[in-house]
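Here are the chains, one letter per residue:
There are 2 protein chains.
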Amino acid sequence: MQAEIIAVGTEILLGQIMNTNSTHIAQGLAEVGIDSYYQTVVGDNPERLAAVIEIAAQRNDLVILAGGLGPTNDDLTKQTLAKYLNVPLVEDAKTMQVITDHFEQVGREMTPNNRLQALYPAGATPLMNHNGLAVGAFYQSPDSADFILLPGPPREMALMFDTEVKPQLQQAYGQQSQIYSRVLRFFGITESKLATVLNDLIEHQSDVTVAPYAKTNEVTLRLSAQAASKTAAKAAIDQMEAEINGRVGEFCYGRGDHNSLAKVVINDMIAKHLSITAAESLTAGQFQSTIGGVPGVSAIFPGGFVTYANAAKHQLVNVPQKVIDEQGVVSEATAIAMAHGARAQLATDTAVSFTGVAGPDELEGQPAGTVWIGIAYRNQPTVAYEYHFTGDRQKIRERSVLVGLDLLRRAIAADTDFKK
Amino acid sequence: MQAEIIAVGTEILLGQIMNTNSTHIAQGLAEVGIDSYYQTVVGDNPERLAAVIEIAAQRNDLVILAGGLGPTNDDLTKQTLAKYLNVPLVEDAKTMQVITDHFEQVGREMTPNNRLQALYPAGATPLMNHNGLAVGAFYQSPDSADFILLPGPPREMALMFDTEVKPQLQQAYGQQSQIYSRVLRFFGITESKLATVLNDLIEHQSDVTVAPYAKTNEVTLRLSAQAASKTAAKAAIDQMEAEINGRVGEFCYGRGDHNSLAKVVINDMIAKHLSITAAESLTAGQFQSTIGGVPGVSAIFPGGFVTYANAAKHQLVNVPQKVIDEQGVVSEATAIAMAHGARAQLATDTAVSFTGVAGPDELEGQPAGTVWIGIAYRNQPTVAYEYHFTGDRQKIRERSVLVGLDLLRRAIAADTDFKK
Chain A
1 MQAEIIAVGT EILLGQIMNT NSTHIAQGLA EVGIDSYYQT VVGDNPERLA AVIEIAAQRN
61 DLVILAGGLG PTNDDLTKQT LAKYLNVPLV EDAKTMQVIT DHFEQVGREM TPNNRLQALY
121 PAGATPLMNH NGLAVGAFYQ SPDSADFILL PGPPREMALM FDTEVKPQLQ QAYGQQSQIY
181 SRVLRFFGIT ESKLATVLND LIEHQSDVTV APYAKTNEVT LRLSAQAASK TAAKAAIDQM
241 EAEINGRVGE FCYGRGDHNS LAKVVINDMI AKHLSITAAE SLTAGQFQST IGGVPGVSAI
301 FPGGFVTYAN AAKHQLVNVP QKVIDEQGVV SEATAIAMAH GARAQLATDT AVSFTGVAGP
361 DELEGQPAGT VWIGIAYRNQ PTVAYEYHFT GDRQKIRERS VLVGLDLLRR AIAADTDFKK
Chain B
1 MQAEIIAVGT EILLGQIMNT NSTHIAQGLA EVGIDSYYQT VVGDNPERLA AVIEIAAQRN
61 DLVILAGGLG PTNDDLTKQT LAKYLNVPLV EDAKTMQVIT DHFEQVGREM TPNNRLQALY
121 PAGATPLMNH NGLAVGAFYQ SPDSADFILL PGPPREMALM FDTEVKPQLQ QAYGQQSQIY
181 SRVLRFFGIT ESKLATVLND LIEHQSDVTV APYAKTNEVT LRLSAQAASK TAAKAAIDQM
241 EAEINGRVGE FCYGRGDHNS LAKVVINDMI AKHLSITAAE SLTAGQFQST IGGVPGVSAI
301 FPGGFVTYAN AAKHQLVNVP QKVIDEQGVV SEATAIAMAH GARAQLATDT AVSFTGVAGP
361 DELEGQPAGT VWIGIAYRNQ PTVAYEYHFT GDRQKIRERS VLVGLDLLRR AIAADTDFKK
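Chains as they are written, first to last, in the working numbering: chain A, 1 to 420; chain B, 1 to 420.
Only chain A is shown next, with the shape it has when bound in the complex (with noise of 0.2 Å):
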């Protein structure tokens, strides 16, 4: 079984307005585990749209026609598909109902274009619109794909979708085996050192494929697993997590889609009751902003410090003068002072501090992605280590960020405390 999705509208080819149908329609499909190999998109015009039709035809069982089914002169995509199948535009009695109704209540002339609203290929099922007023149809075909049209506005699309397309789907192309999926998190590892290290699982796909993306700032795999139940299809993915974990298990931080490495760390936290501050030369916030975006946090965040200046990173945290002018301001001995400050002002249980070369401009001599990072954590001694990142200003600022988050995970990982 294999679909593609179709969203017909000049203003998506001109950029005016994203396709998110199309990524809604996708996300649909991939959930009742029907194949999607082709998206399109093609505008207002019914001799292109007529190619496209041709095309995605040839090529899929099902096509999916999102856009063009309004009451405007542009809108043309029943009436084109209508000609590719030979068959009349009907009226869809129930929805001719609505539209007049619609306009009594609005006290508005119904004008004769709003009849075609009502209209559907014959022979198809029609598709009710419960945000607007154009129909929708399933055209199941007996010796050519079958085909849905959809309206073209987000809202009425997405409704008619999820609540009459989804159930019809299943019903019409349900499958004995069903396709379950896991998606694994990993920070501080490459996406092309994880596919060669991962090589022979990703290459010869067993009953679990595994497929690699780089997000920015890390890298996900997602597992997935075609089978007839969803026990089944869980053990075979568990199987293949631990042998993954086995591999590069220090690098994941975490499952699922919609997951950060700020979610896992700071939930973390919240469980174990550990209080955090921080002290941001570089990151100005950033660390601190980021924390405070998992819902929860102020159980275990009273606040902290943006010490940009140095005489702020004296006056607030009170890092030693001395320090400043012998060691530097972006040194080891300014990052653990910086670290060791912070949490003596909120007693805290860890802090996490960094100072570095945001750029574009070098400092005192060091070069823009020079960054130092200082983390005091329980009764463990205050540490710093030295990162040498590249890429702009923000790039530099988000990789600390990540990367003080990835020393708190260890430091709660090699705490004996939390050991099982």
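Don't read these hints as lab results, they were simulated from the structure.
Some hints could be false.
[What the hints assert, rightly or not] The calculated DSSO-like cross-link candidates involving lysine-lysine, where the alpha carbons are at most 30 Å apart (straight line), are: (1) B:K215 - A:K215; (2) B:K234 - B:K263; (3) B:K83 - B:K263; (4) A:K395 - B:K166; (5) B:K215 - B:K234; (6) B:K215 - A:K263; (7) B:K419 - B:K234; (8) A:K215 - B:K83; (9) B:K94 - A:K215.
[To be verified] Now the stretches of chain B that chain A is said to cover, found in silico as 3 or more residues with beta-carbon under 8 Å: (10) 22-30; (11) 302-311.
Idealized CB from N, CA, C, for every residue including glycine.
Assemble the complex: chain A is given as a structure, and chain B must be docked to it using the hints.
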């Protein structure tokens, strides 16, 4: 001149990421006056990719491929294109040097597959990637369609497209008359309100077309003029901008595609030698992190405070316990005391404070989205304003930061010391 955009990536087909690249490229093509009638998405599969390249080359003069230039086995776009063009892949020495330097700098081993990122089809012009390692390419063919290869990560793609591709498109396909455009940026007014107020200018497009785009938290207007010379276009655009500013100028904070409220406000403050600090509760450092992103901010920003817990508000910026007890922590009095206290600590010209309910839970009986923002500005009395933002935790915090910046912008604009 007609171009098709092909986004390559299985993640887009699975609905895991939005296809923002195609939108960005589509906008750019519209700006340089190149028609685009089709967009395609295809996965990381060489047979299907070859098939869509074939179709696109037949129906267009130019095909732009984005995605699949990385170092993993999944990344096959340039290999597939080279096969279609029947040319070998060759190494770009400049990119190879960047890759080698990168791995030396970060002190990690360079795996052989990383060399792949320096390859491009022989005969093409390599396009430098200033946000990543994979080189792009512009292949002009005498007897088939031309091709452009771009990386998939949006940061890399957008910068390469804007700085490398757009000028080359204009040079390669430049028309008699050129299109010039200017972007105006608005904060604090919705797209629909702006479209209503400027309806006549948008609808009856004359020499200068006016196109509104809704962005996250702001709206932009792109003014474009097609004219024989840059001078003539600039004069027409100037006139239109004056007309627009006469109607909604108070909301227009700046110009330019790659601009932001933070850049405009902070650069203005640097020029005027106005120093700043902040005390942040719900935003947890996001305001300071945002201004910290502007190069040169260190001249006016010594540092500041994240005062998440009530005790930290008292301890770090001297909010009287009595104020919190009697007025509540989400209150005008607390916001004023925070701004006042932060400024007093670091002796700056200005200070901004944020206290409110980021959610998801309510606080002190006030719903998520209730935010007080305080501003201490030079010799003006310190004041605070109440806002009710909608959306999730992150949206409420982002909105708060931007409103804080806008309050500064308006305070500076009203400051008679800086009037010409």
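Can the restraint linking K395 of chain A and K166 of chain B be considered satisfied, given a maximum Cα separation of 30 Å?
Roughly 24 Å separates the two Cα atoms, so the pair holds.
So if I understand the rule, the pair passes when the alpha-carbon distance is 30 Å or less; does K419 of chain B with K234 of chain B pass?
holds, 26 Å
Under 8 Å between beta-carbons, do enough residues of the stretch 22-30 of chain B, three at least, approach chain A for the coverage claim to hold?
holds (count 9)
Outcome, coverage hint (the stretch 302-311 of chain B, chain A; C-beta under 8 Å; three residues)
n = 9 at 8 Å, threshold three: holds.
Please verify whether K94 of chain B and K215 of chain A have alpha carbons no more than 30 Å apart.
holds, 25 Å
Keeping to a limit of 30 Å between CA atoms, is the pair of K215 of chain B and K234 of chain B held or broken?
holds, 25 Å
Taken at face value, is the distance from the CA of K263 of chain B to the CA of K83 of chain B at most 30 Å?
violated, 45 Å
Check whether the Cα positions of K215 of chain A and K83 of chain B lie no farther apart than 30 Å.
Distance of about 28 Å is within 30 Å: holds.
Check whether the Cα positions of K234 of chain B and K263 of chain B lie no farther apart than 30 Å.
It holds: about 24 Å lies between the C-alpha atoms, which stays within 30 Å.
With the threshold set at 30 Å, check whether the alpha-carbon distance from K215 of chain B to K215 of chain A stays at or below it.
Measuring from Cα to Cα gives roughly 22 Å; hence the hint holds.
Holds or violated: K215 of chain B with K263 of chain A, Cα cutoff 30 Å?
holds, 27 Å
Checked against the numbered hints above, the structure violates only hint 3.
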